[in-house]
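**Q** As a plain string of letters, each chain reads:
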Amino acid sequence: MSILEKPNKNVEARVVEGEIPIQSRYTYGLAGEKFFREIMDKARILGTRCVECDYTYVPPTIYCERCFAKLEEWVEVGPEGTVQSFTVLLVALGGSPLDEPEIMALIQLDGADSVLVHRLGDVDLDELAIGMRVKAVFKPKKQREGSILDIAHFAPVED
Amino acid sequence: MGLRKVAVVGAGMTKFVRRALETGKELAYEAAKMALDSCELTLDDVDGVALGTAPEAFDGVHMKGEYLSDGAGAWRKPFMRCYVGGGTGVFTPIQGWYHVASGLFDVCLVVCEEKMSSCQPHPQGAFLTIFDHSTERPLEPNLLWIFALEMNRYMHMHGLQKKDIALVSVKNKRNAADHPCAMLGDPNITVEDVLNSEVLAWPVQRLDVSPISDGAVALVLASENVAKRITDKPVWIKGVGWSLDSAYWTNRDLYYPKYVEYAARMAYEMAGIREPRKEIHIVEPYDPFDYKELHHLEGLLLADKGDAPRLTAEGVTARTGNMPVCPSGGLLGVGNPIAAAGLMKVAEIFWQLRGEAGKRQVPGKPITGLAQAWGDLMQVGTVVILGIGG
Numbered sequence: 502m503s504i505l506e507k508p509n510k511n512v513e514a515r516v517v518e519g520e521i522p523i524q525s526r527y528t529y530g531l532a533g534e535k536f537f538r539e540i541m542d543k544a545r546i547l548g549t550r551c552v553e554c555d556y557t558y559v560p561p562t563i564y565c566e567r568c569f570a571k572l573e574e575w576v577e578v579g580p581e582g583t584v585q586s587f588t589v590l591l592v593a594l595g596g597s598p599l600d601e602p603e604i605m606a607l608i609q610l611d612g613a614d615s616v617l618v619h620r621l622g623d624v625d626l627d628e629l630a631i632g633m634r635v636k637a638v639f640k641p642k643k644q645r646e647g648s649i650l651d652i653a654h655f656a657p658v659e660d
Numbered sequence: 002m003g004l005r006k007v008a009v010v011g012a013g014m015t016k017f018v019r020r021a022l023e024t025g026k027e028l029a030y031e032a033a034k035m036a037l038d039s040c041e042l043t044l045d046d047v048d049g050v051a052l053g054t055a056p057e058a059f060d061g062v063h064m065k066g067e068y069l070s071d072g073a074g075a076w077r078k079p080f081m082r083c084y085v086g087g088g089t090g091v092f093t094p095i096q097g098w099y100h101v102a103s104g105l106f107d108v109c110l111v112v113c114e115e116k117m118s119s120c121q122p123h124p125q126g127a128f129l130t131i132f133d134h135s136t137e138r139p140l141e142p143n144l145l146w147i148f149a150l151e152m153n154r155y156m157h158m159h160g161l162q163k164k165d166i167a168l169v170s171v172k173n174k175r176n177a178a179d180h181p182c183a184m185l186g187d188p189n190i191t192v193e194d195v196l197n198s199e200v201l202a203w204p205v206q207r208l209d210v211s212p213i214s215d216g217a218v219a220l221v222l223a224s225e226n227v228a229k230r231i232t233d234k235p236v237w238i239k240g241v242g243w244s245l246d247s248a249y250w251t252n253r254d255l256y257y258p259k260y261v262e263y264a265a266r267m268a269y270e271m272a273g274i275r276e277p278r279k280e281i282h283i284v285e286p287y288d289p290f291d292y293k294e295l296h297h298l299e300g301l302l303l304a305d306k307g308d309a310p311r312l313t314a315e316g317v318t319a320r321t322g323n324m325p326v327c328p329s330g331g332l333l334g335v336g337n338p339i340a341a342a343g344l345m346k347v348a349e350i351f352w353q354l355r356g357e358a359g360k361r362q363v364p365g366k367p368i369t370g371l372a373q374a375w376g377d378l379m380q381v382g383t384v385v386i387l388g389i390g391g
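Respectively, the protein sequence lines represent chains R and A. The letter at position 98 of the first sequence is residue 599 when you use the working numbering, and the numbering goes up by one with no holes. The letter at position 362 of the second sequence is residue 363 when you use the working numbering, and the numbering goes up by one with no holes.
Same shape as in the complex, but just chain R (with noise of 0.2 Å):
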């Protein structure tokens, strides 16, 4: 085991900055065009269904992973669904505390198959829990602008 033996000191190294500087611009897709187009008109949101498979896409895909069929059936799904798995996020990507927890959760919509993965909102921690049921709350219309924050946020279903 002597070769594992050579020292390798982790020392403070004197270092140049750089940076490798990209900008992108990203068109939605086929399925994307659509589905955000419906979620921006009509609050609506749409899958794509394999008829062969039994299996309902949220997001939309154009083509079936799983048979490579092309999906031409498109299907309305939700607003209501069930949350899979949540995460409580205390801490903000460059460390920091953050003044509110943000709740992140998958959540798998009736008629859907695959889960969508948003935030919840207007929940109060103690209730939170994997199988609640929430209920997409969009933006208001003239707010919306063919995004996925065109959904503000999943909210618990009232009883």
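Take these hints with a grain of salt, some might be off.
Stated by the list, open to error - Pair by pair, the computed Cβ-Cβ distance ranges are: (1) Gly-595(R) x Asp-308(A): 33 to 41 Å; (2) Gly-316(A) x Arg-567(R): 39 to 47 Å; (3) Pro-122(A) x Tyr-564(R): 35 to 43 Å.
Stated by the list, open to error - From the derived model, a few chain A residues whose C-beta atoms are all more than 10 Å from chain R: (4) Arg-5; (5) Asp-46; (6) Glu-67; (7) Ile-131; (8) Gln-162; (9) Arg-175; (10) Asn-226; (11) Arg-266.
To be verified - Covered stretches of chain R (in silico footprint by chain A; criterion: 3 or more residues with CB under 8 Å from a CB of chain A, positions within the stretch not fixed): (12) 521-528; (13) 556-568; (14) 587-596; (15) 615-621.
None of these hints come from the bench; they were simulated from the model. Model, not experiment: these values are computed from the prediction. Idealized CB from N, CA, C, for every residue including glycine.
Chain R is fixed; fit chain A onto it per the hints.
**A** Just chain A now, with coordinates in the frame of chain R:
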């Protein structure tokens, strides 16, 4: 399949550190040179080089494969770089394996390097752009909360508590105290230390997570005739496997890593292993988070679903247990320079099977061991099975 037998005949490793003075090339050189020296070969003996290294953004050098090539010993040689995210460290020796198994090369140098400290302000930044640009990135996902979602799902499905999982972190950081290259070895750490550490994204706390690190690891692979000339202790690559699940990470139930099972089944079949729990004596599953070791043991079919925490609590996975798991100290203890960390696991199996693991040596003279890594968009499993004799 008409494939030749391939042996690991040498290994080398740098210390894993928070910020190395060495550049990436120099780290690659240190590990590669040590690996060659360990089996008394020189660069002239090397027919080709397989390099593994993770996103360009870590080292901050675009076309990083080419940048690292000379340090990895590839000057005027056939060279390839491969990359499957965190799975790279166990994927790269698979590339080296078929270079030799195919008959193309007799000796292949396998090098994995990562210099994460270059990435500012934090290497997490390199992962912000791995997610879908329209459906996910506006929500600003980062790896910590993605894994928090997975960990919570795993705990929920099996009714587990945080303390059940913290035992993994304690075991690995204690094991790492015996590793000369380790960054976070701690012989005195307790479950309470883990449970009292800072909550980052519940249920993930500071000591549930492996550190950012710089480092490199290298192996020398050789064909049967060459291996037998070089060493009387060749360690054979008995099986390899890899598999990718859906790149839509939300399209699968996160509580169980099916892609690891597929990769493991491929490797077991090649190695002729029918009863992995009896035939695999020592395991180095990928443990960037403590729950991942448990998750992966289940995916590798080495524990029933949800039962890996019990094996841990009962000491089965301790270095002196019936199935030692991460005797190296794992990523949680040794450190996690991504690609290098995966190859460190293969190197650990190599040293353990040869009886050269020093203070980390497991008892009972193991003859078969398995290393596994995981990565990409949390959906790739890579597996290598090593064995002596036969």
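**Q** Hint by hint, note whether the structure agrees.
**A** Outcome of the hint check:
1. Taking the beta carbon of each, Gly-595(R) and Asp-308(A) are about 38 Å apart, inside 33 to 41 Å as hinted.
2. About 41 Å separates the C-beta atoms of Gly-316(A) and Arg-567(R), a value consistent with the hinted range of 39 to 47 Å.
3. Taken as a hint, the range 35 to 43 Å holds for the pair Pro-122(A) and Tyr-564(R), whose Cβ atoms sit roughly 38 Å apart.
4. No beta-carbon of chain R is positioned within 10 Å of the beta-carbon of Arg-5(A); the least distance is around 27 Å.
5. Listed as outside the interface, Asp-46(A) is consistent with that label: its C-beta sits roughly 17 Å from the nearest C-beta of chain R, beyond the 10 Å cut-off.
6. The claim that Glu-67(A) is not at the interface with chain R holds, since no C-beta of that chain comes within 10 Å of its own (minimum 15 Å).
7. The claim that Ile-131(A) is not at the interface with chain R holds, since no C-beta of that chain comes within 10 Å of its own (minimum 13 Å).
8. The Cβ of Gln-162(A) lies farther than 10 Å from every Cβ of chain R, with a closest approach of about 15 Å, so its non-interface assignment holds.
9. Residue-level check passed: Arg-175(A) sits 18 Å from the nearest beta carbon of chain R, beyond 10 Å.
10. Look at Asn-226(A): its CB is around 25 Å from the nearest CB on chain R, clear of 10 Å, so calling it non-interface holds up.
11. No Cβ of chain R approaches the Cβ of Arg-266(A) within 10 Å, the least distance being about 19 Å, so the stated non-interface status holds.
12. Coverage of a stretch by a chain is defined here by at least three residues with a beta carbon nearer than 8 Å to that chain's beta carbons; for the region 521-528 of chain R and chain A the count is 3, and the condition holds.
13. Counting residues of the region 556-568 of chain R whose beta carbon lies closer than 8 Å to any beta carbon of chain A gives 4, which meets the minimum of three for the stated coverage.
14. For the region 587-596 of chain R, the proposed coverage by chain A is satisfied: 9 residues have a C-beta within less than 8 Å of a C-beta in that chain, meeting the threshold of three.
15. Only residues whose beta carbon comes within less than 8 Å of a beta carbon in chain A count, and the region 615-621 of chain R has 6; three or more means the coverage holds.
In this structure, none of the earlier numbered hints is contradicted; all agree with it.
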